[in-house]
Structure formats: structure tokens, C-alpha cells
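Top line first, the protein sequences correspond to chains A and B.
Those letters in the first sequence? Residues -18 to 717, per this note's numbering, in order.
Those letters in the second sequence? Residues -18 to 717, per this note's numbering, in order.
Worth flagging that the hints you see were computed from the coordinates, not collected in a lab.
Take the hints with a grain of salt, since some may be wrong.
Since copy identity is lost for identical chains, a pair holds within one copy or between any two.
To be verified - Using 27 Å as the maximum straight-line C-alpha spacing, the simulated DSS-like pairs for lysine-lysine come out as follows:
1) K363 / K543
2) K38 / K217
3) K503 / K441
4) K710 / K396
5) K19 / K201
In this text the structure is predicted, and so the values were computed from the model without any measurement.
Protein chains: 2
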Amino acid sequence: MIIKEVGYNKENYAHFGTKFLIGNGYMGVRGTPEEYTKEYMPAINIAGVYNLAAPDKWRESLNAPNPFFVKIAIGGTELALPDATNKVLLHEQSINMALGIHLRKTVFKTQQGQVNIESRRFASMTAHNILALEYIVTADFDAEIIITSGIDGNVWDVNGPHFVRHNIVDGEIMSVEGVCDNGLSVKTLEKVEIKGNLKSQSVIKEDKRILRALTFAVKKDEQCSIKKVAYVSTSKDLQIAKKTSDTNFLSLTYDELLVAQTEYWKSFWVENFVTIEGDKEAETALNYCIYSLQIIAPRHAKALSIPARGLSGQVYKGAVFWDTEMFMLDYFILNDIGTARTLLKYRIDGLKGARIKAKQEGFDGAFYAWESHENGLEACTKFNVTDVFTGRSVRTYFMDKQVHISAAIVYGLHKYTSMTGDFSILADGGLEIILECADFYMSMLSQRFSHRQDSDRVGKLELHDVVGPDEYHERVNNNAYTNRMAKFVLEYALEVLKKQTATSVSQVEKNRITAYKKKLKKCIEAICQPRTSKDGVIEQFDGYFELEDVSVDEVRSRLKDKREYWGGSNGVASTTKIIKQADVVTMLALFKNEYDIQTLRKNLEYYEKRTEHGSSLSACMYGLLHCYCDSVQDAYPMFVKSAAVDLVTPSKLWAGGIYIGGSHPASWGGAYQMMVYGFAGLTLKQTKKGITPVLNPRLPTHWKRLAFKCSIAGKRYNINITNKKHSIKSAKYKEK
Amino acid sequence: MIIKEVGYNKENYAHFGTKFLIGNGYMGVRGTPEEYTKEYMPAINIAGVYNLAAPDKWRESLNAPNPFFVKIAIGGTELALPDATNKVLLHEQSINMALGIHLRKTVFKTQQGQVNIESRRFASMTAHNILALEYIVTADFDAEIIITSGIDGNVWDVNGPHFVRHNIVDGEIMSVEGVCDNGLSVKTLEKVEIKGNLKSQSVIKEDKRILRALTFAVKKDEQCSIKKVAYVSTSKDLQIAKKTSDTNFLSLTYDELLVAQTEYWKSFWVENFVTIEGDKEAETALNYCIYSLQIIAPRHAKALSIPARGLSGQVYKGAVFWDTEMFMLDYFILNDIGTARTLLKYRIDGLKGARIKAKQEGFDGAFYAWESHENGLEACTKFNVTDVFTGRSVRTYFMDKQVHISAAIVYGLHKYTSMTGDFSILADGGLEIILECADFYMSMLSQRFSHRQDSDRVGKLELHDVVGPDEYHERVNNNAYTNRMAKFVLEYALEVLKKQTATSVSQVEKNRITAYKKKLKKCIEAICQPRTSKDGVIEQFDGYFELEDVSVDEVRSRLKDKREYWGGSNGVASTTKIIKQADVVTMLALFKNEYDIQTLRKNLEYYEKRTEHGSSLSACMYGLLHCYCDSVQDAYPMFVKSAAVDLVTPSKLWAGGIYIGGSHPASWGGAYQMMVYGFAGLTLKQTKKGITPVLNPRLPTHWKRLAFKCSIAGKRYNINITNKKHSIKSAKYKEK
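Isolated chain A (complex conformation) (with noise of 0.2 Å):
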């Protein structure tokens, strides 16, 4: 349960930023070492408070002044990283996933001897606005060490700068509050324990940044060092969280925040911990995705979402995506039911947003925002990327043309309701998502006036000008995977319409009822199908079999310049039939049913080799399909590559010239899935009790065993699987 890595090396600040870092859902930590300043990117990044900074730049979420900067000084020498390199003699950094703390490890050499610093730092999960930070240096020599430490508002920001001025306030409780121009503030404060033989101290206020300077003189092995606890909040928070932990802050002392925090996530690793026999690695991996799913699980809101990076900063705005619904959701619906239902608040909240982007892009009903922040409100503007050649802004079409997030919303709720047994979150507004999202739907479908030699599409609703999952190829016709979620939209409203059986309702009322249910039938009936090969093969999109047909690497040959963007009307990709991510392949693991094994397999291999895995999204789609498809061997490296993809180095940080560094939570839930419904087989199963859970194991031949805990249907169960047998046994059920 212990992600490390020995060494130093300067160029990893980004990678290991993302890899180490800590949260409590309210907000994420970035895992660089306390010395680090805005150029090597730290971040305290806040859950879904966001801020415009200038009319040219893009609204994203919000940083806070950082309470846990520290650097030392020996004898008047800064022992500082990365300026001091060369002095490294150690240097580890670590998650503890079993306790939820960060550890550094940094051994200094200096022409006295050797120094040591040791630094905990965890956010609590106990107590969200809470940080909590334990420093301690030694030297094997006397020294006089000099440990500055405070609070550094001189934030890192990809569109900012946000603060147009920095409150600062001195005193045993230091504080620097960020206020941007629209007076939306993000302020931190902290208290902080001293250990050792202080002479000294005195304090630096600068514009942005308080600093507390402590000199101590200790003597050779001798410790000195701070304990620090933080206080961190926005001016929104009320709007956010149930409650707030701020009158606690006072009294709360960093070793009681620690025992707190190390029982938090023993009793969670009781309940959530997944057991793979045989395969440490992958083991580590899964569970390194439960843990940083449930560091930046909104815990502490009423209604909000996780960003598609997580927490680990303010890549693709801070802006939540379908990756929530369609990939990460199912972890919360199987072990946390609360925060899956906070999730999906969210939407009922955004449908607000919906509504209006519908209306501004001449449909009717709801349009989810493909990025989104607070309210629905769509963050992605239609230029998304950079040209690398001209540097001018390129007309993408992710935001108005991305139709597939409404749909995806929808298939979100659906899963809650169908996994939960708790139809309650209908009545709360789910069921209005539902309607609005088909009436979306509806009014983009359409049919051509007249039709003779095409005979497939006589009397048929089409689906023009959209983009798939798939990127890569923009503002195509009829493409398989949407028209697929915009008809299962449609079947969902049917049927919850169907089981509404409110008797208050007037007969003018249920006529209309009557009306509209005729309407969806009709128009479920009428959506084109997509077109297929005679050996089966389903057409991604209209003309997608006339595109060339070569190699992935035929297609990266091409590039010009490795940060090209390969999709869009000019990229490489665009015109041949290499797509970006699973698009037919998510389809076909959504609606396996729908298909026979050979369909399945055929399509899986046809689009496995056309496939550029340009997004985290991808892998565990493809691996999921492989398992379904019993095809475990093939599947297990998918699965390796979505469980571990921000353990290894990240292969793509670079989009069209934007920056997309940061955590893949989506790959870390698909990798969840492919655990469960995949390895384990889980599916579930109408009986008279209800729904339960029924097992069909392909687990990779290196497998002993693989063992978890899930809820369905509001009951907890322990599930065992070996080669031999496997077991669904009931377990205590507690809700987090």
C-alpha cells in the first residue's frame, strides 16, 4: 500500500506532482516537495470554485495560497530543491495509501555533513478545509538551521493569474487570502507547533506570500521541526458543502488530525480494499485507483462532480466531463452511494445550464455542457485548440457537436437506479434530466423529405453533424455509439414513464403523459441503425468505410511536429480511418447484449488496430470488450495500462499545443470496472427479493484469487473468486 519513488530528478515535477498526490475531495494536493515554487506547479487545487481571470483566457478552478511551503538554510546556505540538485544524496517520495499520508524523504550533503528533512503532509479526511504538515530536519554535525515556512498566495495558474490582490495577515495565526477581480476569495490560514531549540524567529511579509522564519541551533542528530495545520476556504463554500469545519480549527492540533486521519482509511481499506492473489502489481495499481478516487470524491458537498483531471489541478479547466457518469461512477454506486448521488445532484443542478446551451444551439430540451462548471454552465469554448504551425486558435466542435454527454448523463442515472434500487433521485429531479435530455434528443434527430435509392434510410430519424467519443473525426452522420445512447435515452424515458404511477394526476394530464410516450415510441422506432459490413463490421459513422485505411503508425509518421493535434478538419487522423479512443467498442460493451459473440469479436479486433488510445478512456473499453468477449489475456494489459496509467511516465501531455498533464480519473474507474464487471463478471439479476448480484469470473490466468466488497441494492456483499469457485456472501453495509 506504498507508491514510492527513490531518486531525484528535476524533469518529473509535473509527472510525480500528479503521482503523489493527497486530497479530501474538497481539495486536491499536488505531490511536489515543500520548497517548490509556482514554476515546478504546486498546487492546493479547490473542488468547483471557478474564476475567469481576463476576457482572453478560459475560466478554470481556483488554487489556493499554499500553506505548506517550506525551505531550509544551513549556516546561511539555502538547501532548497531543485537549485541544490547536486547535493542530493537521497531523496524519496511516497504515498502510504494504508494511513493517507504523503512522505518525503530528502538527505542533503553540505561541507559539514549531512542533512535530513522528513516531511507528512495528508489532507483530512475528517475535517475537509483542513491540511495538516509535519517537517522535521536533522543534521549529523551542530548546526544553526534555519526552517522558513508559511503560506505562498504567489500561486501556480495555466489561465490565471486569478488574485488580483493578496490580504495578508500576520500573527500566530498567519493567513493570505486571494481575492479576484469579481471579489470571489480562496484564503488560507495556519497555525503551526514548534519543536526544538529555537534562538530565533522572525517574520517575512511579502506582496503575496507570509513566511515565519525559525532559527534553531541544535546540536549533531538532534531534531527541529514544525507541526503545521491548516485552514483552507472560499468564499462559495457555503454554496457548496453541507457543512463547514472552520470553528474546529482553533482546537484541532495536528497529532489528533493524524490518529483521525490513519483511522478514516484503515476502516476504509476494510471495506474497499480489493485482494488480487498473484499479482502484487496489479494489486497496488487497483488500489491506488480507490484511493485517489476517493481522494477527490466530493464527500463533503451537497450536490457537485469531479473534474476529468481530478483534482491534481486546473488541466481541461477544473471542468467536469462525461468521463463522471460514463466511467467513474460506477465505483461511488457500488461502494459509496453518497457521493454517487452527490455526483449526480450535479446534473440536476446543471440541468439550468443545459437548458440554455440547448436553446443557444437550436434544440430543445437539455444539452450538457462538455465541460462543465457550477450550474450546467459549459466552460469549453468552440476553439480548443492551438494550431502548433500558426499558433491561431483552431474551430473545434467538442463543445457543440459532443451530443453524447446528455445521453451520457442519463445512462448515469440509469446505473444508480438500476445498481441503488433508490429511485428516489427520479422524483429529485432525475426524472426531469431524463425528459429533457430525450426532448434534446428529438428535436435533433431528423428525416429527410424524400428518399428513393437509399433504401436503409427510408422513413428513418437520422443524427447529423455530431462528434463520437471518438474525437478525431468531426461533425459526422449517424455515428453508431450516439445514436445508440440518444435511442437508449429515449427507451429509458419510455419506461420510467411507464412505472410512474402517480394518482394525483389530472386526465388532461395523462393524456399528455399518453401523447408523449406515443411520441418517444415513434421516434425510438424510427432511429437509423447503423450501417455494417457483410462481415459484420459496424460502420463508426456515414463514410467512415470510404476514410483511408492504414496503420496508427503510418498516421503519427505524418505529424510534423509531435505536439500536433490529430484530429480537427486538418489533422492526420481526421481523413483516415484511425480513431482517437473505443467509440463502436463502447457501444458494444455497453449493449453486449444486443450483439452475438462473433459481432463482438469482429468489431473488437477491425477497430482494436485502428485505434490510437489518444485518451485514458480508452484502454479499459477495449479491455472490458475483451473480457466479455472471454478474450482475458488480451484484456489483462488494458487493464494494466487504465489501472496504472499515472504510476508509469505519461505519454501524452501535450494536445494541439495545450497542456493536458494531470490525473486520469476516468482510466482509474474504467480500470475499476474491468475489475468488476469484467474479471468478476458481475451482473445483475431481477429476482422476486429483488436485485442481486450474480458472478461469471474470467480472471486472467496469473490470478489466485480476487476478493472485494460492493453494494447492490442497498445491501453489502463480500465477493471471493479463485480459479476453482467463487462466492457472493452478505456483508455489513456501511454507508460513508
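Position chain B relative to chain A; hints supplied.
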């Protein structure tokens, strides 16, 4: 009636080659000096014969082996342009439009004295395979002059080389036959009359050319000369032409041909000269347009059309565009009904290709080629522009989305029948075009399944995913011009069906026609109208008003490379309101009677400042609408721009890395339309006696008199307009 340039500048080779074009409809001969070889773009460009040189190239028209190649040497030293540029004392090039002859005069200075070259050349208007040249050399000293002349088969090609071998024959009649890899061949024969003190002659036979070196010993000021008659033919001639004249070749002499040529042109100008008293420059420019249209008119053929760059070379593949029907056709309808019919017959033959294209693109009926080769074969590729930054081909939508081409052809048929009163062309295939184009649009038009909020489109048929005349904005919905033209096709189809009075049709057939008429009517009623701003500006397409509103200059300033294509997905204009050419304005010019004058003016003013005029098809439409709005002084510069398009230095030789130089027949035709419909204000009136012309003159204030002849409904009229009065009188009709 003389177009002349004095002085030599090597850089003018492309422009002068176009400006001094001669031709006879069968072929065009670029106005390059006789000694030019392929680096400087000489060409004998053949009408309507196409070849594909290699799979990765474009199909294009063919250039014939050049029988006009002549160079001289004096005392062993060549005197040939451009190498001898520093020896040029005088250089003149001209077209005598009155006689249809190209003249060239050059005086070289040598150490011994001056050497004069004079040449006359023409493409015979009376024998369409024939070219003729007289080439005279004198010196002001006793000299040995070598005239080397022959047939140069090493032709200039844009997407060649096309000839995989050359068959060369020596003898009194020399010939070079270029043979393509599919057997298609182009052959040039020549015979020469020699005059002067010939001392010796020899034959030089090379891989691709055959030359005759004639050595003369001439006294001071004594002439030596050759008169050459050449015969150019292709292996496809019989498929195109009514008759060929090869049997006459042997008996034809230069002098006889010259007499016939001058007689032809003299009588031509009696019928076709346009008098503009008070504006000699405009008169010359407009008559140059008429000359130029006449020399590319396919008078020899049964069914053939005029390429967008005329016969000035292989630019745009020698393909036929909407330019013919929308811009050039009116001149022929009003002056040369035979050629007008030939042009439309080409489209009747092209129905075959149009049907194939419609099917390929998923539609019914006839979708005409954007760039049409023989049998309506589409020559336009889906990659029509080269990205200047990457050198890669860019996916463009000229071919598959510029659907207004089919309507342009129907519009041409409508003009032809309504102005000539000759409806026989409908029975000869025209009706089929109209109905197939109606089917095409009916299969493109679509209705959304459901609509609540977007009330102006409820129950409406929309035309999605098109490119309008303004090619800078691709894949737009409900382009005002395109929708109106589609509706026009349906209206005209209904009109012609109503007029069909065939009594022999069975009851079953009658019922089918009745049902079809109902369908047309329903479709016409449901086609959606363009949206209009509060102050009456018609939105070019859905969403146009939301684009960035900047000036043409601002957009131009964003270019990083002047060869960049302004349109396409990433072009500088695509995301702005800046348009390439008249679009809404073209619609208003064509359907002016459907709008009040305030609307016409408002839109003219709005779009004029947002138009780059990146196409030579633009100015004349603005000019026409200015005339209709009685702003004649604003129309006048548009007229001059259109008429003199190829007389002044060409402004745009490149678009997206592609050479697009050459002559501009559509602009000539547009200037002619401005003269007839704009300044003379010619409209047609249906009276009891039939169709008669009516004038509503609006002459530019400095014009004293405008006089021309034209044919309406089989009658020739003399039209005479001064500031004070105007008259229409019958003239003797001469069918050419």
C-alpha cells in the same frame, strides 16, 4: 479593338500568356512568344479532352504539341527570349480583336546591327483544328539567319506529364503525336511555306520534338519568312465535334485561312460589337470580354462546355463549373443560341455523372459535378487545397457540399427557355435534368422530428451541411442562396410539369405526375426561409450573425503566409463574417423582384463591406445589385473590375498553395450581364405577341451612348440608349 503591351518583362509570362490568348473553341493558344519552352507556360490547350497522368495527380485537360515553336539565330548566336532579354530594343505584343489575330514584334540589338521579328498567328474560326502562323525576320545588315521552327511536344503541364511517348514523323508534313498511357493521343501536324533566300535546311529530331532549321542568306532589310499551317487533333475528336476538317488540311493555305479569319471576325463584330460612347476604356474592355468568350465558345461541338479558366491552360483541371450557367450563358443566349444549346447539351450528357455522384453521396436524383469533366464526371477531389504550413492536403468540401451546382444548371435551362422561347431542349433531356435535380434536393431536405422552442423552423424543411457560393464558410445549414435555389428548382419543376400537355400519357402516368406535383408543392411550401435581422439583413446561413465581425483588412492581417487559403476549417476568414464572394447578394440579384428596394439596399450595404471578393465571380453580382438599387456609380467600378479582370495584372495567382492563374470567362460574362441587365436594364415581358424585351436604362453618368444587338425569342434586336432616350428595333437575326 487592339489590346497591346509595349516593352518586355520576363516576369509577365504567366499574365501575358493569358491576356493575349487566341483560340477558336476547339483550342486556346496562350500568348507567349514563339520561342518559349515549357518553363514559361506556352500551351495549345484542348477543350474537353482529359487525362490522368498518375494516380496521385489530378485529371486535367490536355495541351497539344506546339506547332508555333520558332526561334532564330544570327551568325551562330541565338536571339531568343527570355535569354536575350538584355538585347531587346523593342517588344510589342497585341491582339487585333477586329481580325482575331495575335501580333508580336521584337527588335534585337546585335553587334552587327538590329534584327526584327514580326509574327502573326491565329486559331482559325472557320476550320477548328487549324492554327496558322506567319513569322518574318529582317536585319539591317547582311546576315545569315537561321529560323528554327517545328513542333514542340515537350509541353507544359500542371499535373503532367501526360504523354508517355511521342510519335514523331519527318517529311514535308511533320508531326508530333503525344500518347498517354491509356492510348489517348494528341497529334499536331504542320506544313510550311518558306520565303526568302534559303541556303540550306536540316531537320532536328529530338525525343519530344521535331524542328526544321532553315538557313537564309539575306541582304540588309531583306525579309526571310515562314508561313505555317498546323492541324491539331485528338483521338477523341469524333466523340465531341460535329465534323472535323482534316481532309481540308492539305489544301488549305495560310493566305486563304487569313482571309477567312478576317472575314469571320468582321462579320462577327457587325453583330456583336458593343458601343459605349464616352468611355473608350470600358468599351474596349467589354469587347475584349466578348472576343474572349467567342474564342472559347465550343461552336464545333454537339455538346461541350467552357472551363472556368476558359482555354488558357489546365488550371482548375480544365473543368467546367457553375461559372458557365450562372455567368457566361447569358451572353450566348443573347447572341449565339447554337452555342448556348451546346453548353446545355453538355449538362444533359452529364446527367450520367450527376446521378452517380448523387448516389455516392447518399442522395437521390442528380448532383452535378463541382468540377465537371466529360459525361459529368466529377474532377474535384475531397482534398482541394494544400496547407502551406505542413504541405499536406486539406479536406475541403467544394465537391461534396457545394450542392447549389445542380440548381445552377436548372437555372441555366430556365434562362435558356424563357429568353429564347425554345422549349425543345426540355424534350431533348432538359426536363430530365430538372426533375432529377428536384429529386436531389427533395432527398437532401430534412425535417426535425420534434420542435418546441425554435418556432420559426417548426414543420419546416431544412437544407443542412452545405457550402454556399461563399466558400470560406464550409458545412453550414440553411444557406440563404442555396435554399432559395433549391426552392427554385422545385418551382421550375412544378411549372414545367404543369405545362406538359402530352395527351398520349396513360392514366397511370397521369396519376404519378399528379402525385409528384403534390409532393413538389408540399416541399416548396415547407422549405425554410433564411432568418432576418430586425433591420432586414438576411442571415447568410444559420449562425452567421454570431461570427466575429471584423474588417477584411483585419482578417488579411492575420495571414501568416500570403498563399494561405482564407477558408476551410482553419482559415482566417472561416470564423469571421468575412465572405469570399457574393452569396446573399447573388440571391438578391437573381430574385430581386421578391424584395423591396430597402431590403436590397440594406443587404448590399451590409455584405459589401464584409466581402473579400476573393473570386472573380463576385464583383459583377454586386455590380448588378447596385444597378437594381439605382446606385449606378457604385456599380461602375464593379463593371470595370469584371470586364478588365484579365487586362490588368492578376491579383491572385495562388490559393492554398495551388496555382489558380488563367483567364476569367465568368467575369467576362458577368460584365456582359451588367451591361445588358444592369446598365441597359433589359427585362423580358410576356405579351400577346410573345416574349419581348423592355429597357430600364441606368447608364453611368459619363456614358453618352450604349448600343448593342441581342436576340430574344428568336428575334434580333438593335438596342440604342442615350441619356435622353432609348430604343429597341428589330434587326436581322443571324444564327452563328
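How the hints compare with the structure:
{"no.": "1", "hint": "K363 / K543", "result": "both (23 Å within a copy, 26 Å between copies)"}
{"no.": "2", "hint": "K38 / K217", "result": "within (22 Å within a copy, 62 Å between copies)"}
{"no.": "3", "hint": "K503 / K441", "result": "both (10 Å within a copy, 19 Å between copies)"}
{"no.": "4", "hint": "K710 / K396", "result": "within (22 Å within a copy, 83 Å between copies)"}
{"no.": "5", "hint": "K19 / K201", "result": "neither (34 Å within a copy, 89 Å between copies)"}
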